[in-house]
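Working from the sequences, and respecting the hints, build out all of it.
Protein chains in written order, with our numbering: chain U, 2 to 143; chain P, 2 to 143; chain G, 2 to 143; chain Y, 2 to 143.
Derived from the structure by calculation, the hints contain no laboratory data.
Backbone N, C-alpha and C fix where the C-beta goes; we use that ideal spot for every residue, glycine too.
Among the clues, some could well be false.
[What the hints assert, rightly or not] Beta-carbon label-pair distances, calculated as ranges:
id	chain 1	residue 1	chain 2	residue 2	range
1	U	Gln114	Y	Arg63	26 to 36 Å
2	Y	Cys98	G	Val118	43 to 53 Å
3	P	Ser141	U	Ser122	48 to 58 Å
4	P	Asp110	U	Glu35	32 to 42 Å
Below are the chains, spelled out letter by letter.
Number of protein chains: 4
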Amino acid sequence: MLTHRVQLRIFDTDMLGHCHHLGPAMWFEEARNEIFEIFDPEMSREGWNLILVRMELDFKERIQFTQREIEVRTWISHLGRSSLHVSHGAYLKDGTCAALGGVAMVYFDFKAQKPMVIPESIREKLLQHLDENCPYRLRSEK
Amino acid sequence: MLTHRVQLRIFDTDMLGHCHHLGPAMWFEEARNEIFEIFDPEMSREGWNLILVRMELDFKERIQFTQREIEVRTWISHLGRSSLHVSHGAYLKDGTCAALGGVAMVYFDFKAQKPMVIPESIREKLLQHLDENCPYRLRSEK
Amino acid sequence: MLTHRVQLRIFDTDMLGHCHHLGPAMWFEEARNEIFEIFDPEMSREGWNLILVRMELDFKERIQFTQREIEVRTWISHLGRSSLHVSHGAYLKDGTCAALGGVAMVYFDFKAQKPMVIPESIREKLLQHLDENCPYRLRSEK
Amino acid sequence: MLTHRVQLRIFDTDMLGHCHHLGPAMWFEEARNEIFEIFDPEMSREGWNLILVRMELDFKERIQFTQREIEVRTWISHLGRSSLHVSHGAYLKDGTCAALGGVAMVYFDFKAQKPMVIPESIREKLLQHLDENCPYRLRSEK
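What follows is the structure, given as structure tokens:
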């Protein structure tokens with residue numbers, strides 16, 4: 002499990018007074034930086050090799066701006082030959098889980114336009130964060 | 002089916018050169034305005050009565066900025082006693098479907114903090130857009 | 002003057018109940034598509050030749066989501082040898098101007114990393130939208 | 002001077018390969034949280050008492066995603082009876098200033114719909130961050 006803290010922005014909120022549903026989507030992407038880094042430590046545009054094919058989000062509790070900070074917990078919830086699922090939870094100060102979700106990503110050769118097999122050296126690092134019993138698993142076969 | 006056109010913004014794109022995965026999420030929300038309007042023609046903050054509990058998105062084709070416009074098609078894919086699923090597709094100029102997805106929403110009394118039964122007058126209008134065979138159905142029980 | 006209509010999104014609003022200050026920035030960028038098109042009708046990433054160097058925004062009236070639509074008026078407020086200022090206003094249904102602002106952009110050769118002189122053929126088209134008496138002029142020398 | 006670090010998100014970038022001009026606007030707002038806190042330690046929606054009336058941004062260097070983090074420096078660049086200017090700079094790893102800008106805000110009574118005089122207790126705390134010689138001053142009289 003990876004843990005990352007994000008600070009809330011007024012931009013994250015909407016007129017209903019709490020965080021908009023795109024808030025968790027933005028925070029979860031920030032938390033995925035540590036996963037991206039495993040695939041390419043430089044995280045350069047030219048060497049990018051991941052493509053997002055699916056996103057799921059469950060909104061469980063409204064998130065007030067007064068929370069100030071959200072703890073994002075990140076797990077790899079599935080590791081395939083050329084794809085992976087990254088799951089995330091957004092936790093409030095009191096430990097309540099306010100949102101859960103995840104993305105399916107494919108290790109992709111942008112030049113050849115086709116999936117690649119995840120190399121063993123990367124797979125080993127990913128396995129350290131694999132938790133198939135984590136609080137969220139994608140409900141997709143992707 | 003409801004049809005709505007959105008114009009692409011550079012803000013919708015990311016460094017990989019095509020639209021970011023939050024693009025469809027933003028466009029689909031804009032397309033839901035016509036659904037929100039059925040629930041409250043004034044669409045005022047005070048009278049708001051819908052809460053988003055789940056979002057799913059499938060990214061099928063990369064969307065280039067040169068598309069300029071996206072056609073968003075919207076269906077009600079499930080209509081329950083106090084909840085509904087709204088599904089959307091993002092279509093390119095040549096008719097290709099580039100993204101599919103949907104949200105689960107609950108008709109909600111924000112003061113009493115509990116779901117309400119969708120009134121018959123609203124249900125009738127929603128039924129006009131119900132299509133259980135539309136291209137996307139949520140994979141959630143919510 | 003160019004006129005463009007944008008539909009409001011809940012994402013545009015914040016917890017204070019009206020549109021967030023980035024709302025006009027996003028709408029104005031959408032309105033600039035018609036200016037970008039003058040510089041490159043294909044609007045491709047490879048042929049992009051404009052760089053934004055300054056942005057100014059004045060927020061005059063709070064914009065409620067119940068407005069539903071905003072009319073964006075766009076003018077070229079300054080046309081230099083290799084740079085231009087594009088000004089925008091966001092107008093409510095009753096004609097009230099809710100926000101004004103503008104950007105300074107430079108016609109730029111991304112390969113050579115230096116400004117280019119705006120060609121006469123483009124300049125002619127830009128001149129059609131030039132209005133140095135438009136409601137907003139940048140307060141910068143850029 | 003206040004110092005705050007933000008982590009870059011792919012969402013911050015655009016198809017030109019570097020950060021979009023709204024990136025600094027979003028990061029600077031996050032950095033203003035420490036200023037908002039001076040005005041209302043609870044930072045609740047009900048007690049909110051600031052209104053943003055102007056924003057200016059100068060984009061000096063393109064910000065690559067490979068920077069990973071941005072240091073935002075924040076100053077109060079003007080303190081009036083009922084208004085203040087908050088200036089910000091976005092700094093790269095090597096110390097280069099990539100963007101500068103600021104906002105004008107008014108201390109505002111949302112119920113009475115009029116500006117209020119900033120109380121002495123708040124003014125004292127703000128004065129600790131006042132630096133009229135900071136790298137950016139708003140070019141507006143607001």
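Quiz item: Between Gln114 of chain U and Arg63 of chain Y, is the Cβ distance one that fits in 26 to 36 Å?
Solution: 28 Å Cβ-Cβ, so the 26 to 36 Å window holds.
Quiz item: Do the beta carbons of Cys98 of chain Y and Val118 of chain G sit within 43 to 53 Å of each other?
Solution: At roughly 28 Å between Cβ atoms, Val118 of chain G and Cys98 of chain Y fall outside 43 to 53 Å, so the hint is violated.
Quiz item: Should the hint that Asp110 of chain P and Glu35 of chain U are 32 to 42 Å apart at their CB atoms be regarded as holding?
Solution: holds (40 Å)
Exercise. Take a look at whether the Cβ-Cβ distance between Ser141 of chain P and Ser122 of chain U falls inside 48 to 58 Å.
Key: violated (36 Å)
Hint compliance for this structure: hints 2, 3 are broken, all remaining hints hold.
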